[in-house]
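Trainee: Sequence:
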Amino acid sequence: MIRAGIVGCGGIAAKHISFINQIKGAKLVGIADKNAEILNAVSKRYQIKNTFTDVDELIKKESPDVIHILTPPKFHKDIALQAIEHGIPVYIEKPVALDFRETREIYQAANDKGVKVCAGYNHIYDPCMRRADSLVEQGKVGQIVYLESHYGMNVLRRDLQTTDEHNNTHWSYDLPGGLFQNYIDHPLYLIIKYIGKPLDVNVVTSSSGILPQNLSDELRVMIKGKEAVGFLIISFTEKPQLHSFHIYGRRGCVKVNFDTMTTVFHFGSSPLPKAASKATFNLSEAYQLTASTCKNVVALLSGRLKPYQGMKNLIHDFYVRIENNSESPISKELVLNTCQTIDKILDKTGKLHLDLSIRKSQQKNILKKEKVLVTGASGFLGVHTVRRLVADGYFVRAFVRKLSHIEILEKLGVEIFFGDIRDYDSFDKAVKGMDIIVHLAAETSGNPNFSEQVTVNGTRNLIDLAKKHGTKKVVYMSSMSVYDTVHAKDGEVFTEDSKLEPNPKRRGPYACSKKEAEDLVLKILNDTQPSWTVLRPAMIFGPGTDMFFGSIGASVANKFIVVFGKGKDKIRLIHVDDVVEAIMLSIEKPDSDGKIYNIVHDEMISKKEYLDKFFCPNVGKRKLIYFPYFLLLFCTMIQEVGFKIIKKKPFLTRYRLIASQREITFSTEAIRKDLLWHPSDSIRDQLGLCF
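Letter by letter, the sequence shown follows residues 1 to 691 of the numbering used here.
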């Protein structure tokens, strides 16, 4: 019986727990993590009783035969040495350590103690890669002359694009090699496995701007071995994100696709005429892909093939070797050569790390004495607001998240503070010394937890800090989603005094958080220190933003648009410049103190006119499918019932649908009267300039 322990309860722990439980003769005896909240969540989800916040306690109380180290890499070395000191074999997720020196230290300690170390080089054990190895071993490829390893990664996923509530970025940004270091092992060790220790490494990097601050997002590496050359590609920008490995030899080539789990082999030459051989080449590849796909489908349905199958196979083999006291499945030489090569590559790579130092103001024509803080300054509305404030002579401090794109703000020369409105300390530093706050930051992802943390808790911090630092004025950006449109009658006119949403949770995370946050502001709306103005804009549009509005319906594969309801139904819009004008008037006119204002263009355009005259002619022809409202309601009801049965949250509810499709209007009489605000141009002229 192999008694296994896990240290680190992040996302990958779920796979390890599952695979350990599937291995006959293995038992998970305990899990450890310094973060008690994450530890308890994993314990509850997988019904694991033995939990520890200290690795020593796990070792002393459970005496594991092997420990899986799944923490961020900066902890790998210390945990590994701790386990090795007790004579416990370790499975270490990639990257094995922060650099070659640390990796060598782990293996030296393991060698001294006679303990096994297994690096998480799981793609070597993927079935498609094992078949490629077999073809090479059989001599069908011949002498290998060239290898190409391609690894695409989606860096726009949420965990890599946001900070947590403590203002921390994902740990991979802090690695010595930045994001690349978290992903380079997988494509690289496949090359090193075949060419051995590299003789020379040449590196080319570039940035297309997909990452903040122009961090490098494309990496190309030419690796010279004794007898073969390897080419490594890591792309953070390509779509789709591809993962493949090609082996080229003097007799044939093997193409491994890790995405489809398929392996294709081609002989180097054909006795057929050239024209015929082109056809047979395609037919051969088509046959192999079809056969592999069918085989994979059968294996998936029968449970013999799982996602991360290579990891499962590697863990199983490691356990067998522990019991048999044989060599580790991943050789020490492969790991050390890989880690040493990574160090050489990263030394030659471009910009890898964020510069989070405060950007001091470079503004020149500051004419106003008031200093303005803009939260959410890197967003669409934020950038336009900052640009106008600078043009009007205000000193501007932009408060942005660490992973925000700040290129435009830097060009404007404003002061830039990095932080998060959820994080009291960083927000505190940003508010200090500011006379006016324009609060635009909010969570728009639709995630309930993040919406609560950012929009609601961020507003709590705003209220407290504005009072603490003696801020004179706060302009607070709310939303028209706070109104009770569900129970309104068609044709009803909403003023700022109209009824607000009584069931915000039924409106979805965004609307709910906006309503709950505004409720906090309404309680202190009449305070004079600071004074407050609340703005409730309609859907904001302008050049540079997505011009397909959710209230229209759904865009399908850039070919079809399913239009909700009738084409004559109106869209409520407001141009970004008109919102900025409302912000400026709220700052400069005392009559706005303690007031709430709707902001919407009084001209409304129908869905059909917008799609026919503006959207489709400029973005490409689309087939418009008008979906009757009564049928849409019925389908939504069916969807709700279905998701309730499987205990999942529906994509759309009737309540939210009704709220978004009501034929109502919003009055702007108050802001027109108090601040003399009005739209800068006709809605059609404004729309025409956006494409």
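Keep in mind that a hint or two might mislead.
To be verified - No farther apart than 20 Å at their CA atoms in a straight line, the calculated lysine to aspartate or glutamate pairs in the EDC-like style are these:
id : residue 1 : residue 2
1  : 673       : 593
2  : 472       : 428
3  : 608       : 546
4  : 27        : 57
5  : 429       : 355
6  : 568       : 663
7  : 613       : 603
8  : 27        : 78
9  : 226       : 165
10 : 239       : 218
11 : 566       : 681
12 : 589       : 577
13 : 364       : 347
14 : 74        : 102
15 : 489       : 355
16 : 371       : 435
17 : 295       : 259
18 : 559       : 546
19 : 197       : 165
20 : 49        : 62
21 : 371       : 327
22 : 34        : 165
23 : 523       : 492
24 : 295       : 133
25 : 369       : 415
26 : 255       : 435
The set of hints was computed from the structure by calculation and includes no laboratory data.
Trainee: With reference to the structure, classify each hint as holding or not holding.
Mentor: Evaluated hints:
no.: 1; hint: 673 <-> 593; verdict: holds (14 Å)
no.: 2; hint: 472 <-> 428; verdict: holds (16 Å)
no.: 3; hint: 608 <-> 546; verdict: holds (18 Å)
no.: 4; hint: 27 <-> 57; verdict: holds (18 Å)
no.: 5; hint: 429 <-> 355; verdict: holds (18 Å)
no.: 6; hint: 568 <-> 663; verdict: holds (10 Å)
no.: 7; hint: 613 <-> 603; verdict: holds (16 Å)
no.: 8; hint: 27 <-> 78; verdict: violated (24 Å)
no.: 9; hint: 226 <-> 165; verdict: violated (50 Å)
no.: 10; hint: 239 <-> 218; verdict: holds (13 Å)
no.: 11; hint: 566 <-> 681; verdict: violated (27 Å)
no.: 12; hint: 589 <-> 577; verdict: holds (18 Å)
no.: 13; hint: 364 <-> 347; verdict: violated (39 Å)
no.: 14; hint: 74 <-> 102; verdict: holds (10 Å)
no.: 15; hint: 489 <-> 355; verdict: violated (53 Å)
no.: 16; hint: 371 <-> 435; verdict: holds (5 Å)
no.: 17; hint: 295 <-> 259; verdict: holds (15 Å)
no.: 18; hint: 559 <-> 546; verdict: holds (16 Å)
no.: 19; hint: 197 <-> 165; verdict: violated (43 Å)
no.: 20; hint: 49 <-> 62; verdict: holds (12 Å)
no.: 21; hint: 371 <-> 327; verdict: violated (66 Å)
no.: 22; hint: 34 <-> 165; verdict: holds (17 Å)
no.: 23; hint: 523 <-> 492; verdict: violated (27 Å)
no.: 24; hint: 295 <-> 133; verdict: holds (19 Å)
no.: 25; hint: 369 <-> 415; verdict: holds (16 Å)
no.: 26; hint: 255 <-> 435; verdict: violated (63 Å)
In summary, the structure is inconsistent with hints 8, 9, 11, 13, 15, 19, 21, 23 and 26 from the numbered list given earlier, while agreeing with the others.
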